[in-house]
Amino acid sequence: MTVHLGSLRLRNPLMLASGVAGYGHELGDVIDLGRVGAVVTKTLTLKPRQGNAPPRLAEVPSGLLNSIGLANVGSRAFISEHLDRLRNLDTRIIVSVGGFTVAEYAKLVLELEEVGGFDAYEVNISCPNVKAGGVNFGSTPGKAAGVVRALRSKTGRPLIVKLTPNVTDIPSVAVACESEGADALTVGNTFRAMAVDLDSRRPVLGATGGGLSGPAIKAMCMAKVWEVVSSVRTPVIACGGICSAGDALEYIVVGAAAFQVGSACFRDFRAPESILEGITEFCRRKGVRSVAELRGTLELPRT
Amino acid sequence: MAEVSANRQVSSSGFLLTMATEVPSPDPGQFVMVGLPEPGAFFLRRPFSVFDFQARRKRLSVYYSVAGPGTEVLSRVRPGEKLSLLGPLGRGFPESPRRLHVMVGGGRGGAPLAFLSRRARKGKRVLFLVGARTEEHVLPLERIRASKIFVATEDGSLGMRGTVLDLLENVVSSPDFDWAEAALYGCGPSALLRKLHAMAVKRRVPCFVSLEARMGCGLGACQGCAVRKSSGGFFLVCKEGPVVDSLSVDWQSYSEVR
Ligand SMILES: Cc1cc2nc3c(=O)[nH]c(=O)nc-3n(C[C@H](O)[C@H](O)[C@H](O)COP(=O)(O)OP(=O)(O)OC[C@H]3O[C@@H](n4cnc5c(N)ncnc54)[C@H](O)[C@@H]3O)c2cc1C
Ligand SMILES: Cc1cc2nc3c(=O)[nH]c(=O)nc-3n(C[C@H](O)[C@H](O)[C@H](O)COP(=O)(O)O)c2cc1C
Ligand code: FES
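Heads up: the protein sequence lines correspond to chains A and B, in order. Per numbering that gives the first Met the number 0, the first sequence starts with residue 0, numbered consecutively. Per numbering that gives the first Met the number 0, the second sequence starts with residue 0, numbered consecutively.
One or more hints might be untrue.
The list that follows gives simulated cross-link-like pairs (lysine to any residue, SDA-like), each with its CA atoms no further than 20 Å apart [said to hold, decoys possible]:
(1) B:K228 <-> A:P47
(2) B:K194 <-> B:S247
(3) B:K238 <-> A:S152
(4) B:K238 <-> A:E25
(5) B:K81 <-> A:R269
(6) B:K238 <-> A:G68
(7) B:K238 <-> A:A52
(8) B:K123 <-> B:K81
(9) B:K238 <-> A:G27
(10) A:K46 <-> B:G231
(11) B:K238 <-> A:E80
(12) B:K123 <-> B:G158
(13) B:K121 <-> B:K81
(14) B:K81 <-> A:V29
(15) B:K81 <-> A:D267
(16) A:K46 <-> B:F234
(17) A:K46 <-> B:R124
(18) B:K57 <-> B:V3
(19) B:K238 <-> A:Q49
(20) B:K238 <-> A:R84
(21) B:K228 <-> B:S254
(22) B:K238 <-> A:A76
(23) A:K217 <-> A:M193
(24) B:K57 <-> B:E21
(25) B:K238 <-> A:M193
(26) B:K81 <-> B:D51
(27) B:K228 <-> A:G50
(28) B:K238 <-> A:P47
(29) B:K238 <-> A:V72
(30) A:K217 <-> B:F41
Computed spacing ranges between beta-carbons, pair by pair [said to hold, decoys possible]:
(31) A:T296 <-> B:A54: 32 to 42 Å
(32) A:S230 <-> B:R58: 56 to 66 Å
(33) A:S171 <-> B:K57: 36 to 46 Å
(34) A:S171 <-> B:R77: 48 to 58 Å
(35) A:S199 <-> B:E37: 21 to 31 Å
(36) A:L297 <-> B:P68: 34 to 44 Å
(37) B:A54 <-> A:L297: 50 to 60 Å
(38) B:S252 <-> A:D198: 15 to 25 Å
(39) A:V287 <-> B:V72: 15 to 25 Å
Honestly, the hints are just simulated from the structure, not real lab data. Glycine is no exception: its CB is placed at the ideal position from the N, C-alpha and C atoms.
With the hints as extra help, turn the sequences into a complete structure.
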């Protein structure tokens with residue numbers, strides 16, 4: 000099931016999505032990390048961030064709403080307290096990086112380059128650009144390209160860019176990231192959403208709005224993956240609502256090279272394991288030799 | 000996976016769910032994350048404090064009330080069904096060196112305290128205060144081990160008429176109540192815990208409370224269960240709690256959240 004994303008080689012296409020696996024070691028007791036292809040860390044920023052006002056989670060039909068607010072320990076504590084433990088994990092480690100200015104992204108990557116001990120970056124461009132008045136870096140091709148360009152010149156490690164689905168024209172952002180040298184694109188982050196408590200007439204989340212994940216977003220994310228694979232050659236990593244082997248395989252048929260599992264872990268930490276088993280079983284049953292053989296085999300009507 | 004050995008209604012709002020499981024022995028105050036049946040319909044596991052644990056028979060019980068659709072579905076689970084179970088998790092109640100342990104449980108909040116009362120060391124005097132809406136809502140009192148159990152119900156159908164706080168005022172105003180020996184343990188609605196904390200501050204006694212927050216992972220990975228600290232910033236209920244020293248909580252923020 001080996002997968003190549005640029006120069007990054009994974010033992011299988013399953014990655015744990017950013018934000019559900021902490022800094023990698025928190026889930027060591029419940030998920031056999033020696034089985035997954037890669038772990039993406041919680042998004043790291045230069046300075047520690049406390050995160051948003053609680054409540055930060057709410058369950059909605061077939062999904063999970065979160066407004067964590069990028070709560071993270073910051074680069075210094077990450078390097079001194081977490082990186083060593085990550086090094087010892089038997090899987091690929093992808094550090095998710097975020098920032099509020101291009102300079103912040105660049106400084107963070109330079110600090111991480113100095114210490115090393117991980118395999119790739121996932122650039123989270125869903126952070127609000129404070130200089131541009133809080134608009135997400137991922138919301139326009141120009142801003143997204145600016146971040147990728149700045150980081151491309153600072154590292155030889157694979158750069159995966161995680162796109163936000165909250166745009167009308169995701170291919171234009173994807174093309175911009177590709178032309179600046181992104182090695183892979185993750186599609187994508189959560190969908191903006193909101194829930195209301197009728198009794199109190201208050202938003203359920205402390206931050207009012209949040210991001211939706213889980214089965215509720217799979218069909219929407221499928222369309223985004225399709226739009227992106229139709230417009231770039233860079234490998235695409237699908238991320239959105241994957242709970243079963245079937246979910247993952249649908250994305251692969253549409254054209255994804257790899258996939259990430261997020262919220263499904265909260266329902267059952269055995270999800271990654273059973274997804275991998277299900278894929279093996281599917282391939283055996285259909286006489287398919289490798290997952291790569293299935294990639295992009297979507298049959299379109301010829302009319 | 001844990002096989003359900005019993006899931007019985009034991010009061011008009013309370014159910015006792017017992018599962019056969021190999022989990023390590025929990026400390027009083029620790030919790031478990033229980034996966035709901037019909038995995039297609041619900042997403043998150045639900046956290047519940049441990050109510051009882053029998054090491055020899057490998058049985059773990061939680062006492063829960065129906066608070067919404069998830070616990071409603073849980074209440075219909077039959078013996079023999081299997082639920083996914085994660086735990087025990089978090090930090091339980093520390094044992095105060097003080098001799099008089101006053102446990103104050105509002106509603107289903109009595110559950111972790113009942114477990115704590117049964118694990119209290121010899122030589123400790125336990126006063127257990129239970130508050131409920133009516134007699135029918137009182138949790139199974141036979142599961143509490145205490146020198147004395149006091150009950151308050153809102154309609155006076157059992158014990159004193161009033162809240163568990165009124166009851167507490169009564170108990171502590173007794174001439175032989177010795178604050179110098181007392182430590183408070185609380186679990187229940189935020190208004191109750193907040194007042195318990197205020198009393199502890201006034202009397203300068205230690206006070207440990209079990210908090211609630213909506214949880215995702217239960218393992219300190221998702222940052223979902225944050226509660227504001229009195230000293231600024233947040234702590235994670237699943238990791239640094241659910242039991243914390245009441246001094247560490249920003250009570251203004253905690254009471255607004257729920
Ligand atoms: C550490 C911990 C220990 C707990 N121990 C017990 C226990 O021993 N017995 C028991 O009956 N309940 C306990 N709870 C609360 C229990 O987890 C919730 O009542 C349950 O998750 C509600 O699920 P639901 O789907 O029925 O309701 P939902 O529809 O999800 O919510 C119904 C209402 O319950 C509240 N709620 C939802 N999730 C939580 C949550 N995680 N914590 C607190 N309130 C919530 C919300 O305010 C909501 O309005 C505990 C919670 C925590 C965090
Ligand atoms: C609690 C939680 C925290 C998250 N934190 C991050 C984060 O820090 N950085 C990021 O890029 N994505 C974050 N995400 C988004 C996930 O990585 C993923 O893109 C999204 O949940 C969709 O996938 P899923 O449906 O499989 O969960 C978070 C998601 C959840 C549920
Ligand atoms: S529930 Fe995930 S950090 Fe506490």
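Do the hints match the structure? See the list:
Simply put, K228 of chain B and P47 of chain A have alpha-carbon atoms about 16 Å apart, close enough for the 20 Å limit, and the pair holds. Between K194 of chain B and S247 of chain B, the direct Cα distance comes to roughly 15 Å. Compliance with the 20 Å bound is thereby established for this hinted pair. For the hint linking K238 of chain B to S152 of chain A, the alpha-carbon distance of about 39 Å lies beyond 20 Å, and the restraint is violated. For the hint pairing K238 of chain B with E25 of chain A, the CA-to-CA distance comes to about 11 Å; that is within 20 Å, so the pair holds.
Our distance criterion of 20 Å between C-alpha atoms is met by K81 of chain B and R269 of chain A, whose separation comes to about 15 Å. A hinted pair counts as satisfied when its Cα atoms are at most 20 Å apart, and K238 of chain B with G68 of chain A qualifies at roughly 19 Å. Annotation: proposed proximity of K238 of chain B to A52 of chain A holds, straight-line Cα distance about 18 Å (limit 20 Å). Under the criterion of a C-alpha separation no larger than 20 Å, the hint pairing K123 of chain B with K81 of chain B is inconsistent with the structure, at around 38 Å.
As the CA atoms of K238 of chain B and G27 of chain A are separated by approximately 15 Å, the hinted pair is consistent with the 20 Å bound. In summary, the hint linking K46 of chain A to G231 of chain B is supported, as the alpha carbons are separated by about 16 Å, within the 20 Å threshold. At roughly 17 Å between alpha-carbon atoms, K238 of chain B and E80 of chain A fall within 20 Å of each other, so this suggested pair holds. Distance check on the hinted pair: K123 of chain B and G158 of chain B sit about 24 Å apart at the alpha-carbon level, beyond 20 Å; violated.
Restraint check for K121 of chain B and K81 of chain B: not satisfied, since their Cα atoms lie roughly 37 Å apart, outside the 20 Å limit. This hinted pair checks out: K81 of chain B and V29 of chain A have alpha carbons roughly 18 Å apart, not beyond 20 Å. Straight-line distance between C-alpha atoms of K81 of chain B and D267 of chain A comes to about 13 Å, which keeps the hinted pair within the 20 Å bound. Taking the CA atoms of K46 of chain A and F234 of chain B, the gap is near 18 Å; set against the 20 Å cutoff, the hint holds.
This hinted pair does not check out: K46 of chain A and R124 of chain B have alpha carbons roughly 48 Å apart, beyond 20 Å. Taking the CA atoms of K57 of chain B and V3 of chain B, the gap is near 12 Å; set against the 20 Å cutoff, the hint holds. For the suggested pair K238 of chain B and Q49 of chain A, the alpha carbons sit about 16 Å apart, so the restraint of at most 20 Å is met. Only pairs whose Cα atoms come within 20 Å are accepted, and K238 of chain B paired with R84 of chain A is accepted, the gap being roughly 19 Å.
Simply put, K228 of chain B and S254 of chain B have alpha-carbon atoms about 13 Å apart, close enough for the 20 Å limit, and the pair holds. Taking the CA atoms of K238 of chain B and A76 of chain A, the gap is about 18 Å. The hint holds against a cut of 20 Å. Between K217 of chain A and M193 of chain A the alpha-carbon distance is near 18 Å, which keeps this suggested pair within the 20 Å criterion. For a cut-off of 20 Å, the pair hint linking K57 of chain B to E21 of chain B stands: about 6 Å separates their Cα positions.
For a cut-off of 20 Å, the pair hint linking K238 of chain B to M193 of chain A is broken: about 27 Å separates their Cα positions. Proposed proximity of K81 of chain B and D51 of chain B is supported: the alpha carbons are some 19 Å apart, at most 20 Å. Of the pairs offered as hints, the one joining K228 of chain B and G50 of chain A holds, with about 13 Å between alpha carbons and a cut-off of 20 Å not exceeded. Restraint check: the Cα-Cα separation between K238 of chain B and P47 of chain A comes to about 19 Å, which is no more than 20 Å; the hinted pair holds.
Restraint check for K238 of chain B and V72 of chain A: the C-alpha separation of about 15 Å stays at or below 20 Å, so the hint holds. Proposed proximity of K217 of chain A and F41 of chain B is supported: the alpha carbons are some 16 Å apart, at most 20 Å. Hint check: T296 of chain A to A54 of chain B, Cβ distance near 54 Å, so the stated range 32 to 42 Å is violated. Checking the proposed 56 to 66 Å range against S230 of chain A and R58 of chain B shows it holds: the Cβ atoms sit about 57 Å from each other.
In this structure, S171 of chain A and K57 of chain B break the distance hint of 36 to 46 Å, their C-beta atoms being roughly 58 Å apart. The supplied range of 48 to 58 Å is met by S171 of chain A and R77 of chain B, whose beta-carbon atoms lie about 54 Å from each other. The hinted window of 21 to 31 Å between S199 of chain A and E37 of chain B holds, with their beta carbons roughly 28 Å apart. Between L297 of chain A and P68 of chain B the beta carbons are some 37 Å apart, a value that agrees with the proposed interval 34 to 44 Å.
Between A54 of chain B and L297 of chain A the C-beta distance comes to about 55 Å, which sits within the given range of 50 to 60 Å. The hint said 15 to 25 Å for the Cβ distance between S252 of chain B and D198 of chain A, and at roughly 20 Å that hint holds. Restraint check, V287 of chain A to V72 of chain B: a C-beta distance of roughly 38 Å breaks the suggested window 15 to 25 Å.
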